[in-house]
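K.L.:
Can you make the complete structure from the sequences, with help from the hints?
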Amino acid sequence: MRITLNNRPEEFSNDEMTVSEMLRIKKFTYKMRIVKINGKLIKRDEYDNAIIRNGDDVQMLYLMSGG
Amino acid sequence: MKFSEIKRHLAGYTVGIAGAGGLGSNCAVALARSGIGHLVIADHDIVDSSNLNRQYYFIDQVGMKKTEALKENIERINPETKVDIHNTVLSTENIPVIFRVCDVIVEAFDESGMKQMLAETVLSTWPERPLIIGSGLAGYGMTNKLKERILGRTLVVCGDEESETSDELPPMAPRVGIVANMQANAVIEILMKRKEHENNT
Chain A
503 MRITLNNRPE
513 EFSNDEMTVS
523 EMLRIKKFTY
533 KMRIVKINGK
543 LIKRDEYDNA
553 IIRNGDDVQM
563 LYLMSGG
Chain B
144 MKFSEIKRHL
154 AGYTVGIAGA
164 GGLGSNCAVA
174 LARSGIGHLV
184 IADHDIVDSS
194 NLNRQYYFID
204 QVGMKKTEAL
214 KENIERINPE
224 TKVDIHNTVL
234 STENIPVIFR
244 VCDVIVEAFD
254 ESGMKQMLAE
264 TVLSTWPERP
274 LIIGSGLAGY
284 GMTNKLKERI
294 LGRTLVVCGD
304 EESETSDELP
314 PMAPRVGIVA
324 NMQANAVIEI
334 LMKRKEHENN
344 T
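Residue numbers (my numbering), protein chains in the order written: chain A, 503 to 569; chain B, 144 to 344.
To be clear, the hints were calculated from the coordinates, so they are not data collected in a lab. From a predicted model like this one, the values you see are computed outputs, not experimental measurements. Careful: at least some of the hints might be erroneous.
[To be verified] Below, in silico cross-link-like pairs of lysine to aspartate or glutamate (EDC-like), each with a Cα-Cα straight-line distance of 16 Å or less:
hint: 1; chain 1: B; residue 1: Lys288; chain 2: B; residue 2: Glu307
hint: 2; chain 1: A; residue 1: Lys533; chain 2: B; residue 2: Glu307
hint: 3; chain 1: A; residue 1: Lys529; chain 2: A; residue 2: Glu513
hint: 4; chain 1: A; residue 1: Lys538; chain 2: A; residue 2: Glu523
hint: 5; chain 1: A; residue 1: Lys545; chain 2: B; residue 2: Glu263
hint: 6; chain 1: A; residue 1: Lys533; chain 2: A; residue 2: Glu523
hint: 7; chain 1: A; residue 1: Lys533; chain 2: A; residue 2: Asp550
hint: 8; chain 1: B; residue 1: Lys225; chain 2: B; residue 2: Asp191
hint: 9; chain 1: A; residue 1: Lys542; chain 2: A; residue 2: Asp558
hint: 10; chain 1: A; residue 1: Lys533; chain 2: B; residue 2: Glu254
hint: 11; chain 1: A; residue 1: Lys533; chain 2: B; residue 2: Glu305
hint: 12; chain 1: A; residue 1: Lys538; chain 2: B; residue 2: Glu271
hint: 13; chain 1: A; residue 1: Lys542; chain 2: B; residue 2: Glu271
hint: 14; chain 1: B; residue 1: Lys290; chain 2: B; residue 2: Asp303
hint: 15; chain 1: A; residue 1: Lys533; chain 2: B; residue 2: Glu263
hint: 16; chain 1: B; residue 1: Lys208; chain 2: B; residue 2: Asp191
hint: 17; chain 1: A; residue 1: Lys538; chain 2: B; residue 2: Glu263
hint: 18; chain 1: A; residue 1: Lys542; chain 2: B; residue 2: Glu305
hint: 19; chain 1: A; residue 1: Lys533; chain 2: A; residue 2: Asp517
hint: 20; chain 1: B; residue 1: Lys336; chain 2: B; residue 2: Glu148
hint: 21; chain 1: B; residue 1: Lys338; chain 2: B; residue 2: Asp246
hint: 22; chain 1: A; residue 1: Lys528; chain 2: A; residue 2: Glu512
[Stated by the list, open to error] Coverage of chain A stretches by chain B, computed from C-beta distances (three or more under 8 Å per stretch; other residues unrestricted):
hint: 23; segment: 525 to 537
hint: 24; segment: 543 to 550
hint: 25; segment: 560 to 569
Glycine residues also receive a C-beta, built at the ideal position from the N, C-alpha and C atoms.
P.N.:
Structure (structure tokens):
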């Protein structure tokens, strides 16, 4: 499948995957983030169930401590 | 456009500031100087001497509630900006109430878990309301790494999205101030676009 991840095309061998799976495959270990699929917010407790499909536009933003 | 005209337009808007630390205090002051009509500021903390390396407070305000100290400072800069303060810990329950009337919301917390809680609450309560997040501002130098990124139409993140505060990478006035002012700049840009939109319709 091909998706757009933060405005860049990305190829995955899966047909579809959950947000948690994508984070694992991409080795995104940092915990605090905001995820949107096609503009829709995916809350933290939905990462195991929210499905990313071919053609989806996934936006991710990292939340670092400090302020 | 003349500043008087910009100020007159900005006077009609309300901006919510979630947190009155390094990001929130500096961002609120920049918005008040620019003529924002109404600020809603929430924080539960008190001013500590260790905050003075980056937050918009004074040595004689140590021990005061941050919200009360910030309101006092803003009134001394621009008394035309109305300031509503909430001395409370923000939560998924009270965020939708406290920031209900705000046109734009600024995320200005220190801790990443709180940033996530606020962002998820705001984005799920009001999907179309602009939210300006600060993320990645620890340390010094690396000015060119600080950037603004816009996701969708209404979500803006200011910072390097990398550097996290630690004992070895403390938050300091210059980078915190830059990001706080980037957030204020993003707020003004969003609100001024509404003026262009009004003029075109």
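K.L.:
Now tell me, hint by hint, if it's right for this structure.
P.N.:
Now the hints, each set against the structure:
no.	hint	in the structure
1	B:Lys288 x B:Glu307	holds (13 Å)
2	A:Lys533 x B:Glu307	holds (12 Å)
3	A:Lys529 x A:Glu513	holds (15 Å)
4	A:Lys538 x A:Glu523	holds (15 Å)
5	A:Lys545 x B:Glu263	holds (6 Å)
6	A:Lys533 x A:Glu523	holds (14 Å)
7	A:Lys533 x A:Asp550	holds (14 Å)
8	B:Lys225 x B:Asp191	violated (25 Å)
9	A:Lys542 x A:Asp558	holds (11 Å)
10	A:Lys533 x B:Glu254	holds (12 Å)
11	A:Lys533 x B:Glu305	holds (13 Å)
12	A:Lys538 x B:Glu271	holds (14 Å)
13	A:Lys542 x B:Glu271	holds (11 Å)
14	B:Lys290 x B:Asp303	holds (6 Å)
15	A:Lys533 x B:Glu263	holds (14 Å)
16	B:Lys208 x B:Asp191	holds (10 Å)
17	A:Lys538 x B:Glu263	holds (11 Å)
18	A:Lys542 x B:Glu305	violated (24 Å)
19	A:Lys533 x A:Asp517	violated (25 Å)
20	B:Lys336 x B:Glu148	holds (14 Å)
21	B:Lys338 x B:Asp246	holds (13 Å)
22	A:Lys528 x A:Glu512	holds (10 Å)
23	525 to 537	holds (count 4)
24	543 to 550	holds (count 3)
25	560 to 569	holds (count 8)
When held up to the earlier numbered hints, the structure conflicts with 8, 18, 19 and fits the remainder.
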